[in-house]
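Position chain V against the provided structure of chain P, taking the given hints into account.
Number of protein chains: 2
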Amino acid sequence: MNHNPQSLSLNLNKKEQTPLYRQAYQELRRMILHGELPPGFRLPSTRLLAHRERVSRNTIIQAYDQLQAEGFVTGRLGAGTYVAEGIAIPPADSPSSTFDPALSAWGRRVLGHAPGSRHGRSRLEIDFGFGRSFSHIFPYDVWRRLLARYLSTDDIMLSRYGSVAGFNPLRQAVAGYLARQRGVRCAPEQVVIISGAQQALDILARLLLAPGDEVLVETPGYKDAFTLFEVNGAALVPLSVDDDGFPVEKIPPECRARLVFITPSHQFPRGGTLSLPRRLTLLEWAKTRDSLIIEDDYDSELRYDGHPLAALQGLDESGHVIYLGTFSKVLFPALRLGYIVLPPPLLTPFISAKGLVDRGAPTLTQAAVADFLAEGHFERHLRHLRKAYGERHQALVEALESYLPGRVHFSSVPAGLHVMLYLHPSCVEKEVVRQAAASGVGVYPGVPFHLQQPAPPSILLGFSGLSAEQITEGIKRLATVIPAI
Amino acid sequence: MNHNPQSLSLNLNKKEQTPLYRQAYQELRRMILHGELPPGFRLPSTRLLAHRERVSRNTIIQAYDQLQAEGFVTGRLGAGTYVAEGIAIPPADSPSSTFDPALSAWGRRVLGHAPGSRHGRSRLEIDFGFGRSFSHIFPYDVWRRLLARYLSTDDIMLSRYGSVAGFNPLRQAVAGYLARQRGVRCAPEQVVIISGAQQALDILARLLLAPGDEVLVETPGYKDAFTLFEVNGAALVPLSVDDDGFPVEKIPPECRARLVFITPSHQFPRGGTLSLPRRLTLLEWAKTRDSLIIEDDYDSELRYDGHPLAALQGLDESGHVIYLGTFSKVLFPALRLGYIVLPPPLLTPFISAKGLVDRGAPTLTQAAVADFLAEGHFERHLRHLRKAYGERHQALVEALESYLPGRVHFSSVPAGLHVMLYLHPSCVEKEVVRQAAASGVGVYPGVPFHLQQPAPPSILLGFSGLSAEQITEGIKRLATVIPAI
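Chains as they are written, first to last, in my numbering: chain P, 1 to 485; chain V, 1 to 485.
Isolated chain P, as found in the complex:
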């Protein structure tokens, strides 16, 4: 640059949002760091510089003060201000040399599993995206009232870190709800509030798995769980599910899995329910092998024909089942609250680990959800949801039967927020997804959910964010791009 210090000019811009003293400070700091103002250089007096820059003297005094507080200049007002010694940044080797740090083995595995970018999706007219909720059903007035209850000035609840295991009234409300509605047997102390299933699976994998340990999983299954187990060094042992869920009798005799991850109430994403004999056989298997079963009960509240089936956890008498549930599907996804029910020996390890990696969920939200449950709003909301989603599920099934008769297979169990559609083996899944998108319909490839190779062609349809009319129209359009066999 070879800047001449005598002609020091700060290029101040009075129209900028940044205060003028701040601009002066930043510019002088830059010049010092880049050696344009050398060590020992005497800065112009504040009066002179203010005059030259046409700003108030106070502006320059403030800038000099800040430079002095940070050690860029020395000296006192009046006695001259000098650039400090030994603080220039050595010139960079190349102007654009940005350090690219090496990643750990874990980091490389995570990157290897990173999803590609999802360009163009937002334009789709009818999007069968999974995991949306139908926002019009949510009782916003109740929710707002419950939040406001805890936003008063005399409440100390917000001013301290919450309990790592969760807000106690919420833990109690969840334990009561699970006992009544899901047949889960637990004390409130066994309930820990989490941000979601992924946080829980990550902590469990780290607490329980050594590198190379086997984990039994369903295929198709929950792909983020696959990734979590894999990046944490586990070896997946997948078994293909059928209409009765996870085929326990096909567990290889030599299998040494320390964990089994399953979705017994409503197999994700295929559909179907784990039969009672299989439940009991699996519990017995876990008991003789010292294995733990993780039961992901992600959407069991959403059954549209009578009562949901009780949880596997309620059959366990020896502490071999870990139970996972979430509020994301039944309240709203962006809430980021779930819960885990742990056998007592795992409580201290889990809570210690969670305290270390994430101090706990926001107290305010937990307090509002606790009241939402305790005051009966939750079970009332569930009734509304079941009605609304049940109608949409029926619209979807009817549309599939009308427009694609005999051309696709799917589980007929009226439950959940999605349907996994199996196409004829000759179909090219990617082509169906692409052509559907071209006609304004978003459907999602089944491949990532399958561990078997080759995966049977299939697509995932989430229906919870669409109206019955949109669903019918979407399937009508989809039928035009699925080849008639």
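A couple of the hints might just be wrong.
Stated by the list, open to error - Okay, the calculated bits of chain V under chain P, using three or more residues with CB under 8 Å as the criterion:
| # | stretch |
| --- | --- |
| 1 | 103-112 |
| 2 | 145-151 |
| 3 | 208-217 |
| 4 | 223-234 |
| 5 | 271-278 |
| 6 | 309-319 |
| 7 | 360-371 |
By construction, these hints were calculated from the structure, which means they are not laboratory data.
Just so you know, even glycine gets a beta-carbon here, dropped at the ideal spot from N, CA and C.
Relative to chain P, chain V alone:
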């Protein structure tokens, strides 16, 4: 048990909250699982059982329906209902045999670092606990209004999963705030919203460290960071800080640290600020060694004498500094929101990892904080905080000088929410904490923050949850238990 099926009695309790059909279902289920009702056993007709139990027939029909749906019984109404085959739980080896799963090496390290229980603390009349905020200062009315803005029925924001990297308007607002107030140089895309520093440190340790890798840390320092690095397999290299912060010139020449974790703006917990020459030397060191510096700027907003010093990140020209900040100290701890500014090459790995272990922070809270920043409430709130906490800091310093003159040492920098008090080397720290508690004053041992052995006797005083009067009274009482040398 040798229960006689013919005298089947369900012990229904009409006063319980659980519906009667549910009680009947649960009791029958229990009897079937425990073999009291053997496979093939014919249940009494619904009419007969209802009569015997003095409940409506519909109650028993519902119970049988649920048992049949779950596979415990077979048969049709009218044709007889039979206990299904092969579903009894084998008798437990011992009645209280709860499985105690083995933990991984990571799990054992976490347990080894788990804090002991904190019994009896809540009784303390004057508690110098760290990390509290003074709830009366928080603008609850503004906050309530901002939250309510996003709780309208036509807003789809709540009904989808948020972006893993954070709510975009909040990332923009944070980038702008950091540029104006902290001299941080970054694009909004480099800002990722996190639940707190611990989540960020856990992810960074996993992304960047191989087992045995060295991490340079300050002592005394942030103990949860020590634990996070250690449980993730790192070897800590601690350097004792002085009044100018981390002694960069004492880094051992053979040190191969991949990470440096420091608190340059306000050394935690000792106090003091990293001098400019040390900042520049450290940056140069990191550059020649391909190391990364994690700058934890946990409370830099809270300076009570003029402007806070600019962040180290702003001096970095080659992507060697990761910047961490939090809203816990300046809004409220239970909010659980912080932010990290990453060099561009680390963005994809970090966001991928975060997406895997925790899908992202709650959108509603992020939207409210974004507006809180963008509409100027935050900087106004900071001015109030600085005034309130500055007064409390001054009260603490004055009380220490009045009641403990020459008997303790502490950093005089007016900043932060705590003071670390160094006692005379002959003092027994544990005794001071115990005796203070006995006189109703909560102070916290300094040992866990120190990695040097033996640690100099010290106690931590958080002042942010107390009034000036409580602070004065607390120090007066503390003076009676600290021996005059």
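### Message
Of the numbered hints stated earlier in the document, which are not met by this structure?
### Response
none
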